[in-house]
Amino acid sequence: MTTAQSPVAISSHVDPAGQSFAERLNGPWHERSLQVFMGIVLAHWAEHLAQAYQVYVLHWPLANARGVLGLWFPWLVRSEALHYGYALVMLVGLWILRSGFVGSAHTWWMVAFWIQFWHHIEHALLQGQVIVGQNLFGSPVPMSLAQLVIPRLELHLIYNTIVFIPMVIAMYRHLVPPEAERAQMRCTCAGQPRLAAA
Amino acid sequence: MPLAVFGLAVAAFAVHLSGAGVHRHEMAAHRGAPTRIVADRRIGPYVASVWTDPEVGSGPMYVMLEAADGHTFTSPSSVRVGVVPVSGRLSEVLHDAHSEPVRRGGRFMTEVSFDRAELWNLRVLIASTSGGGQLTAQVEAKPNASFGPFALVLSSLPFLIVAGVWWRAAVARRRISALS
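As you go down the protein sequences, you meet chains R and L in turn.
The numbers in the numbering used here rise by one with no breaks, and the one at position 65 of the first sequence is 65.
The numbers in the numbering used here rise by one with no breaks, and the one at position 25 of the second sequence is 25.
No false leads were mixed into what you were given.
Per label pair, the in silico range of CB-to-CB distance:
| no. | chain 1 | residue 1 | chain 2 | residue 2 | range |
| --- | --- | --- | --- | --- | --- |
| 1 | L | F159 | R | V89 | 15 to 25 Å |
| 2 | L | T136 | R | A124 | 34 to 44 Å |
| 3 | L | A137 | R | L148 | 21 to 31 Å |
| 4 | L | S99 | R | F21 | 49 to 59 Å |
| 5 | R | A124 | L | E100 | 17 to 27 Å |
| 6 | R | F21 | L | D40 | 52 to 62 Å |
| 7 | R | L145 | L | I161 | 26 to 36 Å |
| 8 | R | I131 | L | R174 | 50 to 60 Å |
| 9 | R | N64 | L | R36 | 22 to 32 Å |
| 10 | R | I40 | L | S87 | 46 to 56 Å |
| 11 | L | E66 | R | R32 | 55 to 65 Å |
Honestly, the hints are just simulated from the structure, not real lab data.
Computed from a predicted structure; not experimentally measured.
All C-beta atoms in this analysis are idealised placements derived from N, C-alpha and C, irrespective of residue type, glycine included.
Okay, chain L solo, but in the shape it has when bound:
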């Protein structure tokens, strides 16, 4: 029985690694799911949604495109994403988003960076043979790891708890020894 369980575990691990190798960013289950910051906004012949993980640091930004009513979907020739702090302390950085395979519409991904927790202006520029345009929005970057320094306490607790259980068991063993 343990060998069968072990064999199943090895097989599951192999399947997981094969998926993680091909779809690395998609398998990052604990990176945090992205949040939709722009929903179903019309840009030229497209309806666009923008998803990102609005935390300080680098992270993926996704532009999801579908054909607008009355249009057939043609893949854009370029999708670019620009971010700049509302405060104006930095100049805008434009990122080229690359296409990813999807069954319907288009999905474009790029890595963006928010270096400080503050309000940022976002621009998505789309160009295609059937038309294009841009959308603008604002996103508030938040401090990451919202547990904060409490994570240090939380990560220390298991050691204290196990030490407490071990100590209690040792006391119980001594008591049993004394009784016998």
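Chain R on its own, in the form it takes in the complex:
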């Protein structure tokens, strides 16, 4: 059990001593960090589920269907603080937790990151139009590029979906890695170090 792919051999890489915070996040703390991150992602989807339930089951007017947090803190939805805050958490989380992924999982994780990064380019474009006082395309309100193709509120759901899909593929490849990739992993996500501890 001392080959490169064995649990015991891999566990020797997971030593918190002398590691930086970022290295710990992507090493021994990666599993817990990803659980927290996924909890945030699912909480956001839960807000959308609650909103859809309010509209299509409870038949509330769209303006009143603000999810759960929006009911108690309407300004969060009106100002888009909730949306933008979540978009930032996503971007930061995808970036900080990236190096814990190896092989194809890393590739998929970075696909999610770059899509989310583009989302922020769009926000910067909106912000820039407000600051300069001149809107693109003769529009009365600031316009993002994606709004030219998808000009409705579904854009928000679509962005979340196209970031979520590669992220989940990355998670799957990370939790159930091919043997070659498993040997390169420094975290507990695929279960090896617990075996070593046992």
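Since chain R is already given, all that's left is putting chain L on it; use the hints.
Frame of chain R; chain L shown alone:
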């Protein structure tokens, strides 16, 4: 590195909130961009375009004005927008539009309400010291959230997908345990 990233994120959030506080309706990136329903129509000394989000419910309507050829732009004293169902089941509601700052010409905004998905008559009335007039058009209000009840399914899928990944990972862990 994570602290630097976190600091940048806090700064970006602060910039966003400052913009959202001052330009609330403009920052509503996911409300949906408005559609131009009237393009470059002449009204007195103005050329007008009208933009709105033609969905059921309340939403902003913008009247964009520029000086017509041979005229200099003078800000109108009033811009009003009237909407009424073509069916005649309701009487017309007139809304006063307020001026918003723009670099060139004029932009006037008001909130209008379409309570049902149907064809509506639209009137824009402009008054100014250099002349005025009105334009008429029709707009079809559509049901909002065109995903419909499918949004319920779509919003449920992430939970099913994550549960599936978690289950598959648990099976893989058990297999590794058995092998060791």
